[in-house]
Amino acid sequence: MKKTILVIISIISLTQYINGQNINIEKSDGKIEQKKPRNQIYRHTGVANFDSTYLFLTSGPLMAYIFGVGYSVEKYDSNLNLVTREKISFNKEDDFKFLNELIYFQSKLVVFSSSYDKHNNKNYLYIQTMNKSSLKLNDDLKKIAEFEGEDKNVRYGIKTKYVISEDSTKLLIYLTFFDKKNIIVQSSSKEKTFNKNSLYLLAFDKHLNLLWKKKANSAINSGTYVYENFFVDNKANAYITAKKYINTEAAQKRILYESSKTFVDKYFTFVEPSNYKQSILVFRNNGNETKEIVVNLKNLFAKNISIKNHDDNILCAGIYSELNSISAKGIFTCQLNLGNGRTENERVLPFNKIDCTNNIDHNELKGFKGATKENEWDPFNYSLSKIERLSNGDYFVIAEQQLFGQLDSGGGIREQYYSIYNYGSLYVIRVKENGEIINYGKVKKTQFGLDNPFHSYSYLCEANKVYVLYNEMVPKKGLVQVAKMQNTSLARVNENGQVVKKLVSTFADYNNKTLFMHTKGILPFANKKGFVYPLQSMNMKYNSIEKIDIR
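0 is the number of the first residue of the sequence shown in numbering that gives the first Met the number 0; add one for each residue after it.
One or more of the hints may lead you astray.
[Claimed, not checked] List time: in silico SDA-like cross-link candidates among lysine to any residue, alpha-carbon distance up to 25 angstroms:
| no. | residue 1 | residue 2 |
| --- | --- | --- |
| 1 | Lys205 | Asp138 |
| 2 | Lys243 | Thr159 |
| 3 | Lys328 | Asp310 |
| 4 | Lys74 | Ser133 |
| 5 | Lys96 | Thr168 |
| 6 | Lys276 | Lys290 |
| 7 | Lys431 | Arg341 |
| 8 | Lys96 | Lys213 |
| 9 | Lys213 | Asn119 |
| 10 | Lys212 | Phe146 |
| 11 | Lys96 | Thr128 |
| 12 | Lys121 | Lys74 |
| 13 | Lys158 | Arg283 |
| 14 | Lys297 | Asn285 |
| 15 | Lys131 | Ile143 |
| 16 | Lys205 | Glu288 |
| 17 | Lys141 | Thr159 |
| 18 | Lys213 | Lys234 |
| 19 | Lys464 | Pro349 |
| 20 | Lys121 | Gln105 |
| 21 | Lys385 | Lys443 |
| 22 | Lys158 | Val72 |
| 23 | Lys431 | Glu471 |
| 24 | Lys213 | His309 |
| 25 | Lys500 | Ile437 |
| 26 | Lys500 | Lys290 |
| 27 | Lys501 | Ser424 |
| 28 | Lys158 | Val82 |
| 29 | Lys214 | Arg341 |
| 30 | Lys213 | Thr168 |
| 31 | Lys234 | Gly340 |
| 32 | Lys276 | Asn339 |
| 33 | Lys385 | Leu402 |
| 34 | Lys213 | Ala144 |
| 35 | Lys443 | Ser384 |
| 36 | Lys107 | Cys460 |
| 37 | Lys214 | Ile143 |
| 38 | Lys142 | Asn285 |
Worth flagging that the hints you see were computed from the coordinates, not collected in a lab.
Just so it is clear, the structure is predicted and the values come from calculations on it, not from any experiment.
Given these sequences and hints, build the entire structure.
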C-alpha cells in the first residue's frame, strides 16, 4: 500500500515576429474569484531558519516532516497536528560534525553529514538514512568521499547543496568548503558563488551509490567564473550555468561587492554591464566527458539563463538585453547543440509585446539610488524559474519583474533611504520542445520585501496547468512594522494562457493569528486532492504551515 508524505525541510531554499514567423500570443491579465476557502488549518511550526527550506510530496496519507534549528525534526499528521519531535545527534568523538542536508529521495529520508579531521587535514562526507516513524538515524552510516586539505589554517568544513533529476532517480550534490567564520574558501560569501578550484560535483543513482565525483574546473579552459545554477538529468549528466567574465577585474569587483556589504550599503543595487558571457559547463559519461558551451546570441546579450535537458534535447531560456546595454528587453529561447557547442533556433519575446514596460514615473525614479552611472542605471531586474516539463511534452518558465534600489524619503538637512525590493508581475511562458514560444499568462502582483532574496512566490504544475501561490505585501513605515501583509492568492494559468486567481487567505486571517514585522514570503507548497499547503516565515524567526481547501 502506497503512502503519501509531504516533507518540509528547513535548515539553519499580441502578435510577435519571431524568425520570420508571425506567432499569435494570447494576452490575459486574469479574472479573480473572491471565494473564501473551506477547512483552513493554520499551525506554527516552531523556531526555524528560513534560508533553505524544501518541500516534497509523494502519495498516500499526508504527513509532514519539518527540520529546524538545532537539528530537530518535527512530524505532523494530515491535519497538521504535531506527532513527534526528535533531535539529530552525532558521535561525540568527531572533531567537527556538520549536518549538511536532509533530503527526501526515493521514498527515504536521507541525511548527508560531514566531519573535519584536523590532524590529517581532511574533510569527510557521509550518507545515512532516517527512520520515518521514529525520526531516529538508522545504523547505516557510510563514508562516501574524502577531500585533502590545502591549507590547515583555512579548510574546516563542507558546504553542500543538491538537485534531483526529472525522473527522481539521480541526485547531484555540489559542495565547497568554508572556514571557522563560515566564509566560503577563496570565494564570495554568497551561497551560489563558488571559486572554480574549490567546487566538487558528486552524482548518485537511485540506490544512493556514488556514480562519479569531479572538480568543476575540469570543464574550464581559462577564465574567471561565478557559478549560478546546477542541474542533473536522468542519465546522471550534470550541468552548471555560470557567468564567465571577460576580465578578472570585473569578476573581482562583483565578488568584492557581494562579500563586503555592510549594514549601511548592503541594499544598494549592483547592476552589471555586459562584461561577461553566460556559460554552460557540461559533465557527461560519468563525468569523464566535459565541455563548455558559451551562449552567444545573434546581436543580443544573454543576461541570465536557465536550462532543461530531456532525452538529450537541451532547451535554454533566458533574459536578454541589447549589446553593451544593461536594460533587459525580453525573453529568449534556444536549443543547445552538444556536438558543435552552439546555440540553435533562437527565438525572442520582447517585453513590450507582453505589456511589460520599463517606464516608470520620473518623480518616482529620481528617488532611487543606484550603484552605477545615472545614464546606465536600470532599476528593473528579471529573475527566472527553472524550466519545467508539462505532461503533454510542452515546457514553461516563469519570469518575475523586480525593482531593487533605495528610496529617498527625507529631504532638507537629513535624508533617509529605505531599501526597496519590489517584486512585480509574473510571466508564465509556455514553450514547445523545439523552443517555439506558444503563449504566456501574466499574473499581476505587487510585493514589498524588506530582505533579498525574498521568496515571493511558489509554483507547481498539474494536468498541464501551472499554479502560482503568492501574497501581497505593501510598505509601511514605522518603528516596528516596515511591511504590511495583504491577501494570499492562488493563480491558475491554463493551457491557452488564461489566468484565473482565487483568494485563499485574507489579511484579517493572518492579523488575528500573529504579530510580525514582515514575512519572508511564500515557501514551496503542495497540491493534493484540492488542498494546498503553503509555508511562510514570520519575523525571520517563526515558520508556519497551512492546509487550505481550494475546491
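Structure-inconsistent hints, enumerated in ascending order: 3, 5, 12, 14, 20, 23, 26, 28
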